[in-house]
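Visitor: If you read the protein sequences in the order shown, they are chains A and B.
Residue numbers 1 to 407, in the working numbering, belong to the letters of the first sequence in order.
Residue numbers 1001 to 1265, in the working numbering, belong to the letters of the second sequence in order.
Simulated from the structure, these hints should not be mistaken for laboratory data.
Treat each hint with caution, since some may be false.
To be verified - Lysine-lysine pairs mimicking BS3-like chemistry, simulated, CA-CA at most 25 Å apart:
(1) A/Lys101 <-> A/Lys233
(2) B/Lys1087 <-> A/Lys350
(3) A/Lys72 <-> A/Lys350
(4) A/Lys171 <-> A/Lys357
(5) A/Lys199 <-> B/Lys1087
(6) A/Lys109 <-> A/Lys357
(7) B/Lys1247 <-> A/Lys350
(8) A/Lys199 <-> B/Lys1027
(9) B/Lys1218 <-> A/Lys233
(10) B/Lys1218 <-> A/Lys350
(11) B/Lys1218 <-> B/Lys1027
(12) B/Lys1043 <-> B/Lys1251
(13) B/Lys1027 <-> A/Lys294
Said to hold, decoys possible - Covered stretches of chain A, as calculated for chain B (at least 3 residues, CB under 8 Å):
(14) 201-211
(15) 270-280
(16) 296-305
(17) 326-340
Stated by the list, open to error - What follows is a set of in silico ranges between Cβ atoms, one per label pair, in the way DEER data are often shown:
(18) A/Leu178 <-> B/Asn1184: 40 to 46 Å
(19) A/Gly225 <-> B/His1163: 38 to 44 Å
(20) A/Gln292 <-> B/Gln1017: 24 to 30 Å
(21) B/Gln1249 <-> A/Gln292: 55 to 61 Å
(22) B/Ala1044 <-> A/Lys199: 36 to 42 Å
(23) B/Ile1243 <-> A/Glu317: 39 to 45 Å
(24) A/Pro189 <-> B/His1163: 45 to 51 Å
Glycine is no exception: its CB is placed at the ideal position from the N, C-alpha and C atoms.
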Amino acid sequence: MAALATGGATPSDGATSFQRKVPASSRLAAIAGTRPSVRHGQLLLSSGLPSLDCVLGGGLAVGTLLLIEEDKYGIYSNLLFKYFLAEGIVCGHNLFVASAKEDPADILKELPAPLFDDAHKNQVDEKETAIKSKQESQESMKIAWRYQNLPKVEVSPAASARFGHYYDVSKTVSPELLQSIKWHRFFLPEEMSLHPEIKTCNMTYGYTRLLQSIQRIIYQEGFDGSYPQKKQKNILRIGIQSLGSVLWGDDVCCADNPEDIHSLTKFLYVLRGLLRMSLSACIITVPAHLIQNKAIMERVTNLSDTVVGLESFIGSERETNPLYKDYQGLIHVHQIPRLNSLICDVSGTKDLAFRLKRKLFTIERLHLPPDLSDTVSRSSKQDLAESTKLLSSGCGAMAIGKKHLDF
Amino acid sequence: IPPHLSPFFKALLIVFQGKLTLLRDTKTDGSFLVHHFLSFYLKAGCKVCFVALLQSFSHYNIIAQKLGVSLTAAKEQGQLVFLEGLKSCFDVLFGEEQHVGQPNPLQFISEDGSNLKTIYEFVRTSLMASGSDSWKCPVLLVDDLSVLLSLGVRPVAVLDFIHYCRVAVCSQLKGNIVVLVHSNDDSEDEENELVVNSLCHQSNLILWAEGLATGFCKDVHGQLKIIQKGSSELKAERNLLRIYQYKIQDKNVTFFARGMSAAVL
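Can you build the whole structure from these sequences, using the hints too?
Guide: In structure tokens:
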């Protein structure tokens, strides 16, 4: 993080106060797909979902961990996982995909395709015509001859300059786009035969191997600044699927009294250190609903930076509740980090819901539809849910009694 | 004009020597108290040993600069001994074997969690008065203690560590200890609650930051309970309890009496 700290730094001893401060934005924005936070110059990444970026205060900070508490069937958390990786592809970042159940190559093949809106398409088209015109216009200028020898417009690579993109979940990303980025894989079944070369510290074998693998990539590819001569800096986006599940060799999700409750938290602590010292960001999905020992989730939350919980309506009584007909589930922001500052950009809205509509996934403020029924008073969400429950069990009279008195 | 708490803390420094202060947060982030105490003790000229387990050095440094202190300068002058837990843990796992010199303070991670000797040794040697030191009373600051339980340390070992530190820092060196713990009323983390309750009984001063019971509020970020234990347990003096509400801003924290937030007045 030291490399990314900007603004407000006091000049070193001996320098006069007239030393010109290099504007932070010009230095930091050199990394594609990032932007400095408005508040404290912290470098931010997009999570792949512009509406989630808003809720998280502008984006995900570099060097931090985004923990997603999976919904019951893991459908929507998997979507968020894919959006994060897809955003990395569009921005040209490097990816590190780790999973114990799915081959990372398959995960990448199923990433959603980016949606380029008209403005961006024009931008891309303009760049293409600029390349063509560069080759054609070699004739001498007659009027503006002084500008003859100036360089023509430089064409930048196809990486998008925008922060945050939209994706079409019904289409998968094109193989050409996939091949344009560098990515690394960790598939636990492949790694089972090899011995970890680092101290295990009583952690589950799978976690130790994963940490070793992440550290090796960070070091070899220079994300921790170990190759200062490398001009072009890049971000490493790490995605770990269903951490803590049985497939990782950890029994926190299947036993009331797990054998080793510290493996997962130790892993997160070491990972935090790795993230803080490199230009990376990590998304982890955890099947929190399977962890019986709630103390573990409390500790996991304290060791993570941003924690978001998904609650889908599938299989619950809310699926048929008319109040929630537009939404597929609720999203709870349990924690937002305070980085390099006493305050954090916490959004005022606490009731958030998500919906998957016409191939687009958005997160919105949950609002109740207008109460157009005959009763004067508005029943709360709870009341309506309760009355729906009662109605479904056939006690119509009881349901009416539960509503507010109507004078 | 809302009352500021700094005169209160200044008075504390004169009266408070050899005491244990417990910082506690429930349903909110109490780390602003850690930043406050760090800059406060550094400005007061105390020698500080800061065991920072959860965040990087630059994080604390940037915030401390906003509060008017440079941690880099304090480190260079020998006033601040900073243990960056994340970095030391990295060295334990990925670093070379260290046979010479001081053992890594976080070596206990690779052990069975039955004791925190390595960290205690580090604290003791850092705060031991050397002849050339001109600093005032030594201070041990820990952010935070609850993390140790996540690293496989048993609660008894954590309490032993605090006990040993109290003997070394509070009794022998007449210094102060300030530690941060997290707690929750409905927490299922029994080990953590055990540590927190035990420390509550041992400490002389408790600063308890709580989120408002009514939920999120833009102008009042939480409530701070200050519990000052009676000076003599034999005389059974009553604990002094003060409650303030606070709002955290970019460069400071403002405190005010309950219901007297600037937004309301």
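Visitor: If a hint holds in the structure, say so; if it does not, say that too.
Guide: Going down the list of hints, with the structure as the test:
1. A/Lys101 <-> A/Lys233: 32 Å, violated
2. B/Lys1087 <-> A/Lys350: It is violated: about 35 Å lies between the C-alpha atoms, which goes past 25 Å.
3. A/Lys72 <-> A/Lys350: The given pair, whose Cα atoms are some 21 Å apart, holds under the 25 Å limit.
4. A/Lys171 <-> A/Lys357: 14 Å, holds
5. A/Lys199 <-> B/Lys1087: 16 Å, holds
6. A/Lys109 <-> A/Lys357: 22 Å, holds
7. B/Lys1247 <-> A/Lys350: This hinted pair holds, its Cα atoms lying about 19 Å apart.
8. A/Lys199 <-> B/Lys1027: 35 Å, violated
9. B/Lys1218 <-> A/Lys233: 38 Å, violated
10. B/Lys1218 <-> A/Lys350: 12 Å, holds
11. B/Lys1218 <-> B/Lys1027: 15 Å, holds
12. B/Lys1043 <-> B/Lys1251: It holds: about 16 Å lies between the C-alpha atoms, which stays within 25 Å.
13. B/Lys1027 <-> A/Lys294: 15 Å, holds
14. 201-211: Since 3 is at least three, the answer is holds.
15. 270-280: holds (count 6)
16. 296-305: The restraint on the stretch 296-305 of chain A holds, since 4 of its residues have a Cβ under 8 Å from chain B and three suffice.
17. 326-340: n = 3 at 8 Å, threshold three: holds.
18. A/Leu178 <-> B/Asn1184: 40 to 46 Å: 44 Å, holds
19. A/Gly225 <-> B/His1163: 38 to 44 Å: Roughly 41 Å apart at Cβ, these two residues keep to the hinted range, so it holds.
20. A/Gln292 <-> B/Gln1017: 24 to 30 Å: The hinted range 24 to 30 Å is violated for glutamine 292 of chain A and glutamine 1017 of chain B, with Cβ atoms some 47 Å apart.
21. B/Gln1249 <-> A/Gln292: 55 to 61 Å: 41 Å, violated
22. B/Ala1044 <-> A/Lys199: 36 to 42 Å: 40 Å, holds
23. B/Ile1243 <-> A/Glu317: 39 to 45 Å: This hint holds: roughly 41 Å between Cβ atoms.
24. A/Pro189 <-> B/His1163: 45 to 51 Å: 47 Å, holds
In summary, the structure is inconsistent with hints 1, 2, 8, 9, 20 and 21 from the numbered list given earlier, while agreeing with the others.
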